[in-house]
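Student: Take a look at the letters that make up each chain.
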Amino acid sequence: MSKKVLNVEDDVDITTFVSTVVEENGYIPIVAKDGEEGMRKVREERPDLIILDILMPRESGIKMYHELKMDPSLKDIPVVMLSAVSKRTFLRSQTALTEFGDETVPEPQAYLEKPVEPGDLAEIVKKILG
Amino acid sequence: MKITKMLFVSEFEKLWFDALQSLMGLRKAGLNHVVFLHVIDRDKVAMRRGTGYLKQEERKLREIADIRFIDWAETLFEEGMEVGAHIAIGNTVPKILSVAEYEGVDLIVTARRRRGKLEELYAGSETSDLLRRAVRPVLIYNYLSQSGKVGENPFERILLALDWSLSSERVLDYALALEGAAKRVEIIHVLSEKEIAGLSKMEAHKLERESKKRLDDVSDMLAREGIDVRPHLYIGNIEQQIEKGASEHRATMIVLGTKRRSIWKEKWSGSVSHALANKAELPVLVIPAEIK
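Sequence lines, in order, name chains A and B. Just so we're aligned: 81 in this note's numbering is position 81 of the first sequence, and the numbers increase by one with no gaps anywhere. Just so we're aligned: 1007 in this note's numbering is position 7 of the second sequence, and the numbers increase by one with no gaps anywhere.
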């Protein structure tokens, strides 16, 4: 059975781009348009990989990533960040969240800054999912 | 009542990032989530004879807004805030209201909005339109210094204008929700010229005493919550006296309630909150009687 890749992204053009890359490489794309819907889909679909944007309505990728990594049943799902927000900001924000008493969360499997080439995205996905 | 989520509406020319930063004192009141909204005016990308819909222009404007928001968001994310963003095309007021509803924000922050003179004559300003339709508190943000750049926190010394209506109760609830964000609170009640016209001297004194007593009761209630508060009673034209009180006590913001009424009722009987939001030099926070 093909592996499932959840793409959490609010930009329709990028959602289409990621879904096409995922599908062309033999995986099943699932989409969510913000962090809230993303968490719901994670629990319902149990994806094998999450491709996660950061700046989104309702719930950001930063909060969603933190929630994923703090949940023992979800923390092992690999995450690829795909955003125009810099990696430095992402790491600092995760540190800022841990200042409120949470444990430190691990770094994501990969961090891709937009725009990304289809080949680069496909390579990362294949490397993680095999 | 809590102030945890704020919608910050920016057209970039009118509200800059420093305006947002000046509101970060609200973190003391529980603010932890900022949602940006930029509305691209439909006219900027609308169909033109010969060129059709300006798709390229829309892309460019979206890209510009996106780059600005990412820069702003990076700063807030690094401070541990939660950030979201919307870029929409259409009419500003309906978009503000729909995004505020979708995100469930506790406060809308926007610059003063005007229309063309003729349009304002029959439809009023966009600010009035927003205040009439909003079911959430709206802060009409004005820069405190004329040069535009501010470092001042508008919530530092707030002036609460009370008229003892239901919306005044909401104003007090909001003041309590501000917790440590406001360093000093001035409360003002204005006895209007209409109220005292025709009263005997004795009756006027009685009304004055009753109003002072109510102000004192409210002050005591706020003081018990640890708020540094001063009551003031003014007499005269309500709008003018509120502005005068704000100026005399060096307030950084005016806070007052508003009732829901139709555009025509507002046009003929006037609305103090709308008039101040449209004209006052200070930022004006307008709180609806029925908050969603």
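It should be emphasised that the hints constitute simulated quantities derived from the structure, not laboratory data. All values reported here derive from a predicted model rather than from experimental measurement. Treat the hints with care, as some may be off.
As the list claims (entries may be wrong) - List of simulated lysine to any residue pairs, SDA-like, C-alpha gap at most 20 Å:
hint, chain 1, residue 1, chain 2, residue 2
1, A, Lys-33, B, Lys-1028
2, B, Lys-1028, A, Thr-98
3, B, Lys-1005, A, Asp-34
Said to hold, decoys possible - With the C-beta cut set under 7 Å, the calculated list includes, among others, these residues of chain A facing chain B:
hint, residue
4, Asn-25
5, Pro-29
6, Met-70
7, Ala-84
8, Val-85
9, Lys-87
10, Thr-89
11, Leu-91
12, Arg-92
13, Ser-93
14, Ala-96
By construction, the Cβ of each residue, glycine as well, lies at the ideal position given by its N, Cα and C atoms.
Student: Each hint should be assessed against the structure and marked as holding or not.
Tutor: Verification of the supplied hints:
1. A:Lys-33 x B:Lys-1028: Measuring from Cα to Cα gives roughly 31 Å; hence the hint is violated.
2. B:Lys-1028 x A:Thr-98: The given pair, whose Cα atoms are some 19 Å apart, holds under the 20 Å limit.
3. B:Lys-1005 x A:Asp-34: 17 Å, holds
4. Asn-25: Interface hint status for A:Asn-25: violated (28 Å vs cutoff 7 Å).
5. Pro-29: With a minimum Cβ separation of about 23 Å from chain B (threshold 7 Å), the hint on A:Pro-29 is violated.
6. Met-70: 15 Å, violated
7. Ala-84: 5 Å, holds
8. Val-85: 6 Å, holds
9. Lys-87: 11 Å, violated
10. Thr-89: This hint holds: A:Thr-89 lies near chain B, its Cβ roughly 4 Å from the closest one there, short of 7 Å.
11. Leu-91: 9 Å, violated
12. Arg-92: Status holds, d = 4 Å.
13. Ser-93: 4 Å, holds
14. Ala-96: Where the cut-off is 7 Å and the nearest Cβ of chain B is about 3 Å from A:Ala-96, the hint holds.
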